[in-house]
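Assemble the whole structure, with the sequences as input and the hints as a guide.
Spelled out from the first residue to the last, the chains are:
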Amino acid sequence: MKTQYLLAATALLVTAGAANAETFKWAAQTDPQTMDPHAVNSTPVLSFLNNVYEGLVRRGKDMAIEPALAESWEPLGGDGWRFNLRQGVTFHDGAQFDAEDVLFSYERASSEAADTSSWFAPVSEVRVVDDFTIDFMTNAPNPIFPDSIANFMIMDKGWAEANGVELPARDAENFATLNANGTGAFRLVERQPGLMTALEPFENWWGEPEHNIARAEFTPVQNAATAVAALLTGEVDMINPVPIQDVERVSERDGVEVIQGIEARVIMLGFAQKAETLQYGDDAGAPNPFRDARVRRAVAHAVNVDAILQTIMRGAAEPASQLVSPAMRGYTSGLADRPAFDPERARELLAEAGYEDGFSFGLKCPNDRYLNDEEVCQAVVSMLAQIGLEAELDAMPVRNYWPELREDNFDMYLLGWSPGTFDAEHPVRFLVATPNEEKRLGSWNFGDFSNARVDALLPMIQSEIDDAARQAMLDEVARIVRDEVAYVTLYVQPLLWGVRDGVELTQRPDNFFILRWVTVNQ
Amino acid sequence: MLAFIIRRVLQSVVVLLIVGLVAFSLFRFVGDPIDNLLGQERTIEDIERLRGELGLDQPFPVQYFNFLQGISQGNFGVSYRQGRPVADILVERLPATLELAAISALFAMILGVTLGVYTAIRRDGWLSNAIMTASLIGVSLPTFLIGILLIYVFAVELGWLPSFGRGETVQIGWWSTGLLTASGLKAIILPAITLGLYQMTLIMRLVRSEMLEVLRSDYVKFARARGLPQRSVYFRHALKNTLVPVITITGLQLGSIIAFAIITETVFQWPGVGLLFINSIQFVDIPVMASYLMLISVMFVVINLIVDLLYFAIDPRLSASRGGGH
Chain A
0 MKTQYLLAAT ALLVTAGAAN AETFKWAAQT DPQTMDPHAV NSTPVLSFLN
50 NVYEGLVRRG KDMAIEPALA ESWEPLGGDG WRFNLRQGVT FHDGAQFDAE
100 DVLFSYERAS SEAADTSSWF APVSEVRVVD DFTIDFMTNA PNPIFPDSIA
150 NFMIMDKGWA EANGVELPAR DAENFATLNA NGTGAFRLVE RQPGLMTALE
200 PFENWWGEPE HNIARAEFTP VQNAATAVAA LLTGEVDMIN PVPIQDVERV
250 SERDGVEVIQ GIEARVIMLG FAQKAETLQY GDDAGAPNPF RDARVRRAVA
300 HAVNVDAILQ TIMRGAAEPA SQLVSPAMRG YTSGLADRPA FDPERARELL
350 AEAGYEDGFS FGLKCPNDRY LNDEEVCQAV VSMLAQIGLE AELDAMPVRN
400 YWPELREDNF DMYLLGWSPG TFDAEHPVRF LVATPNEEKR LGSWNFGDFS
450 NARVDALLPM IQSEIDDAAR QAMLDEVARI VRDEVAYVTL YVQPLLWGVR
500 DGVELTQRPD NFFILRWVTV NQ
Chain B
0 MLAFIIRRVL QSVVVLLIVG LVAFSLFRFV GDPIDNLLGQ ERTIEDIERL
50 RGELGLDQPF PVQYFNFLQG ISQGNFGVSY RQGRPVADIL VERLPATLEL
100 AAISALFAMI LGVTLGVYTA IRRDGWLSNA IMTASLIGVS LPTFLIGILL
150 IYVFAVELGW LPSFGRGETV QIGWWSTGLL TASGLKAIIL PAITLGLYQM
200 TLIMRLVRSE MLEVLRSDYV KFARARGLPQ RSVYFRHALK NTLVPVITIT
250 GLQLGSIIAF AIITETVFQW PGVGLLFINS IQFVDIPVMA SYLMLISVMF
300 VVINLIVDLL YFAIDPRLSA SRGGGH
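Chains as they are written, first to last, in numbering that gives the first Met the number 0: chain A, 0 to 521; chain B, 0 to 325.
Hints are supplied without guarantee of correctness; some may be wrong.
Derived list of chain A stretches under chain B, where covered just means 3 residues or more per stretch with a C-beta under 8 Å from a C-beta of chain B [claimed, not checked]:
no. : segment
1   : 37-48
2   : 122-130
3   : 227-237
4   : 372-386
5   : 389-400
6   : 434-446
Because the hints were derived from the structure by calculation, they are not lab data. By construction, the Cβ of each residue, glycine as well, lies at the ideal position given by its N, Cα and C atoms.
This is the structure we're talking about:
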């Protein structure tokens, strides 16, 4: 009885909201490639589908995890996690949600055909306890497991079986590529890949809607100038991103504003640390100076990050001292300052290392991956020239860039990293750990940085339940990374969204756009 | 005539095969699709496995052969980016490009011929000089700049026309048309002008110079001497004789209008095959790139064939010489 009463009240609220509800239109550069939440692990897809599908847990406005399809969860000693599922949740097609759907989604998302399988590497078994309780057993204690599956979205087992989409498809079309059936606040009503995708509120959503959107339309607009024009004409209500060079122009205009924030992505310079010789520039073939930490530290002192931020980023970004930004879990607050800009000290370090006359080498850089990436590299080249290091810049599109890095074709390179788990352990696992294919470690550690203490600490960090002890170990790693200059961190990339006046929304550091936090006033 | 057509078709097939081979040999320089297909948490093992699944570990002639084999069975492959059959995607996108190209060509023809005739007749009028000067802009400014300028003036500042997209479309069978709705018609104006401006100035200058030449010829002088009205001299006698080269050029340009649509479509987010091609280059979506290039080559080949055939139809001298026993 009580539930029914509540439902009726919610329905009333929804109708009341609909009276002044609006069509909300937004544009971004990339179209989500698929509507299948397990087929592609990329920001455009996961961000979009977060509005349609839901996970056991979700991230709130402050990035902290909060209950979604699981009402609560608790560790099972050190063996895994128990999730107590929400009751009375329905999928968009009306089917009931229960533990079988979670088990099914786990099997689907961890299959070889899925791009999300790495999230479940620590999981040994999943057990359905009853209709609304499910246990995820892990190989070792795993304190951040609930955090790491915030984007693991639940699909209805019956729907998937009825439509023959028990597995995600990579090289064929299937029903889930174009259709969706989640439990989220919005349901997919129209999908025209590359043209327009429309969502409408789901009336039977279990949560309390905060938005007043009657219909939301997403259009990919690839050309940045066109997107800005569309915002200025009012054809769209929000664009992501606003090109840095247009920020001032858009801000000065009446009726639109730029919402600026800090993304989770840290931009840094990496080095070939194992290679015997340099590969590029006039000194190609000479012994590799970047094996010496003093030379790497000299680079850190030679780069004037504040100047880069002021000129190239127009004051929109913040310097980064570590591999993660302060907004992430596990950030080391004791190491908040990056090495000071000090060319004098840099020259001394070079002299100590025996390179007082400098040397010449190759810097690889993408030109379409990060905001103004090529300009940043050009600035780095001219700053390094001040201390006698002559960098030969080779900038290329990202589709050529990663293969070059994988083949070790660099002396120095630019990299950006956004930790998928929003935890400091993530970059340690991918960027700092000694590369080890079997253990799935260091897969983005192109420069082959290697430190035995870090390698020993990583498994301990991964299984430490006690927060203080875990933080102490993360701090130690952060100190080693800084002392050894594993990377020269530069800055945290900004988020720049253009928004029409009267639209209120929340910008999350993972660059996800969550529709249920949007309100539109006339 | 039939032998001519058969010979041309056979030649065309050879051209298409070579285009495909060149395209496939270049794809590996475009980049590696693997990183776009896998998330950041992939391992080297995942990369190798997927490479094997997609056949990317094969040398390019083998990849090309597999592609041709697919096509011979009517299968254009599956897009890496969208995970959908390429044929479906092309069919979805083609109407937008063809409509844009048709409207642009129409715009270029009508305005080009009209202005060409006008500037030829009023050779020294101030308006003619103004038009000729303005036409320099059409030939010298790059397409994307014209597009952005038009968007800035007519969409942002004046607010008359939409800045991007195709407006509402109506589905007629598999063909989606934007020409039957008000918003669709408004949306096509700026892209069509952007795309057709260069061709328009080209046609205008061509018509003008041909006209000037014809107006100096003896038969025009005789026509004038006979006291024929100016109208009749200009439009019945002079213009008609300038049209042969104009039609040839326009026909050949139609192919490049479709090919150049890539830039216009990107600027206006026009959902045609050109935009699809740009997206697939960025993603290294090899099946889509290959199919697009094949499609465009087929179009060029067909258009050239039609133009060749039109020679016979329009130019009586060709038929006469044929009739003369060749």
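Hints and how they fare:
1. 37-48: holds (count 4)
2. 122-130: violated (count 0)
3. 227-237: Holds: 5 residues of the segment 227-237 of chain A have a Cβ under 8 Å from chain B.
4. 372-386: Since three or more residues must qualify, the claim that chain B covers the segment 372-386 of chain A is violated, with 0 doing so at under 8 Å.
5. 389-400: Our answer is that it holds, as 4 residues pass the Cβ test (under 8 Å) against chain B, meeting three.
6. 434-446: Three-residue rule met by the segment 434-446 of chain A, so holds; n is 4.
Comparing the model with each numbered hint stated earlier shows that hints 2 and 4 do not hold.
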